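Go by the hints and put chain V onto chain P.
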Amino acid sequence: MTSDSLVLVLGAGASLGARHCSATRPPLGAGLAGYISRWLRANDPSRPLRIADAMLHPPASECPLYTGEELWRVEHLADVADAIDRVADQERTSTSTVGTPFEALMNSWVDAEDDRSDYIRCAQRILAMSMLVGRECAFHERPDLFDELLARLVGRRRLMVISLNYDSCLRRP
Amino acid sequence: LFEEALDRAKRVFNYPALEGVALAASPASDVVPVYKLHGSVNWFSARSFSGSADLEIARESSRPVKLLNAGSMIASQTYATYVPKGRGNTFYEWEDGIVTSGPVAAIYGTGKRLLENPEHVQAHRDDCLNSVSGLDRADVVVIGMRPVSAKDDPTTSALMELLARLQGAKIYISPSESDCAAFRKVDFDVRQCGLESWILELPTGRRP
Numbered sequence: 037m038t039s040d041s042l043v044l045v046l047g048a049g050a051s052l053g054a055r056h057c058s059a060t061r062p063p064l065g066a067g068l069a070g071y072i073s074r075w076l077r078a079n080d081p082s083r084p085l086r087i088a089d090a091m092l093h094p095p096a097s098e099c100p101l102y103t104g105e106e107l108w109r110v111e112h113l114a115d116v117a118d119a120i121d122r123v124a125d126q127e128r129t130s131t132s133t134v135g136t137p138f139e140a141l142m143n144s145w146v147d148a149e150d151d152r153s154d155y156i157r158c159a160q161r162i163l164a165m166s167m168l169v170g171r172e173c174a175f176h177e178r179p180d181l182f183d184e185l186l187a188r189l190v191g192r193r194r195l196m197v198i199s200l201n202y203d204s205c206l207r208r209p
Numbered sequence: 762l763f764e765e766a767l768d769r770a771k772r773v774f775n776y777p778a779l780e781g782v783a784l785a786a787s788p789a790s791d792v793v794p795v796y797k798l799h800g801s802v803n804w805f806s807a808r809s810f811s812g813s814a815d816l817e818i819a820r821e822s823s824r825p826v827k828l829l830n831a832g833s834m835i836a837s838q839t840y841a842t843y844v845p846k847g848r849g850n851t852f853y854e855w856e857d858g859i860v861t862s863g864p865v866a867a868i869y870g871t872g873k874r875l876l877e878n879p880e881h882v883q884a885h886r887d888d889c890l891n892s893v894s895g896l897d898r899a900d901v902v903v904i905g906m907r908p909v910s911a912k913d914d915p916t917t918s919a920l921m922e923l924l925a926r927l928q929g930a931k932i933y934i935s936p937s938e939s940d941c942a943a944f945r946k947v948d949f950d951v952r953q954c955g956l957e958s959w960i961l962e963l964p965t966g967r968r969p
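Which chain is which? The protein sequence lines are P and V, in order. Take the first sequence: its letters are residues 37 to 209, numbered as in the numbering used here. Take the second sequence: its letters are residues 762 to 969, numbered as in the numbering used here.
Chain P on its own, in the form it takes in the complex (with noise of 0.2 Å):
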């Protein structure tokens, strides 16, 4: 490489190789149905608490595992999150390489003939939540691979980031 400045391009597999030690991998595409619908069955409130989180717990301004309240409250939840049930056993039985089951159900929302912009609103809610907060969330902030690659590839060079990610790359208060 001979150029003083970079452009580097992020897909979903940049987020996944950057953690892919992790217990909990940042979802591709392929799997994004999969990796909402545990992170949902994991942080269900109406399941009954584990032990260990009933003995201790951190403020809960302060606990990357506590989802907060109004989620669960949304409307159409229940019905979003049956959806996204069904499209993770699409995801472990599909092999298109063309576009993904969870891809298929929101585009299949998009052109529904009733309104389903609420349920897409939902979706996108859940997703958010899955990549901030909570069990089995693969983006809790820690250091990883991207570190490397900053000190390694990028140096001082110019850089410009484009990122298809939605993930929560957020800066510190």
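Worth flagging that the hints you see were computed from the coordinates, not collected in a lab. Since the model is a prediction, treat every value here as computed from it, not as a measurement. Accuracy of the hints is not assured; some may be wrong.
Partial chain V-side listing against chain P, Cβ under 8 Å, derived [as the list claims (entries may be wrong)]:
| # | residue |
| --- | --- |
| 1 | Leu-762 |
| 2 | Arg-824 |
| 3 | Phe-852 |
| 4 | Val-860 |
| 5 | Gly-870 |
| 6 | Asn-891 |
| 7 | Val-893 |
| 8 | Leu-896 |
| 9 | Val-902 |
| 10 | Ala-919 |
| 11 | Arg-926 |
| 12 | Glu-938 |
| 13 | Ala-942 |
| 14 | Thr-965 |
By construction, the Cβ of each residue, glycine as well, lies at the ideal position given by its N, Cα and C atoms.
Relative to the frame of chain P, chain V by itself:
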């Protein structure tokens, strides 16, 4: 995740041309432009409110929400896109935010349309394409991205055409044989492996 890595490396970044996001307080040449072409789960549409005993004054002091067509659906466009600082503040917006809604993120489907603040994201996307087309020379590294069609993702499709024309080294990294074949056709130097395999082979602190 990548912005957090920039933060840990003490690199200042911003989201160019995204209306409502304060620019980083740093010399322009030091700021890393981060383009998120599909939006982000921590971007919110900020809504304008105003109170007054006089309805006209309240109206004048607030900015209306525009409604726009997003294919078969209706999208809302507000005056600003808000990016809270840190995970705590982002969580607070999700939990208790009464003047924001979100995420300002593309629907995970064909066309990558948005239901929140599509004009802001379009300006951000346009700025990305303009910035890339304005580059004389740059190395390009594409990691873990699947090839896209113009129908599926018009902006990324246009971006890939611009990147293919750039002078400089071009590397594509993915374990997928079919994805690698697609990028090989547009003259990328393809490494068929995951990021983890590729990055750990690079010498520490030196360019490949």
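Chain P contact restraint on Val-893(V) - CB to CB distance below 8 Å: holds, 7 Å
Interface hint for Phe-852(V), Cβ within 8 Å of any Cβ on chain P: holds, 6 Å
Interface restraint verdict for Thr-965(V) against chain P (beta-carbon cut-off 8 Å): Holds, because the Cβ-Cβ distance from Thr-965(V) to chain P comes to roughly 6 Å (cut-off 8 Å).
Proposed interface contact between Gly-870(V) and chain P, which counts if any beta carbon pair is under 8 Å: holds, 4 Å
Interface hint status, Arg-926(V) versus chain P (Cβ within 8 Å): With Cβ-Cβ at 12 Å, over 8 Å, it is violated.
Hinted contact Leu-896(V) with chain P - closest CB pair below 8 Å: Cβ of Leu-896(V) sits 6 Å from chain P, so the hint holds.
When the least beta-carbon distance from Leu-762(V) to chain P is tested against 8 Å, hint result: holds, 5 Å
Val-860(V) as chain P interface residue, shortest Cβ-Cβ below 8 Å: Check failed: Cβ of Val-860(V) comes no nearer than 15 Å to chain P, outside 8 Å.
Residue hint Val-902(V), partner chain P, criterion CB-CB below 8 Å: Check passed: Cβ of Val-902(V) comes within 5 Å of chain P, closer than 8 Å.
Minimum beta-carbon distance criterion (8 Å), Asn-891(V) to chain P: violated, 12 Å
Proposed interface contact between Arg-824(V) and chain P, which counts if any beta carbon pair is under 8 Å: Given a least distance of 22 Å, the restraint on Arg-824(V) is violated.
Satisfaction of the Glu-938(V) interface hint, Cβ to chain P closer than 8 Å: With Cβ-Cβ at 11 Å, over 8 Å, it is violated.
When the structure is compared with the earlier hints, violations turn up for hints 2, 4, 6, 10, 11, 12, 13 and for no others.
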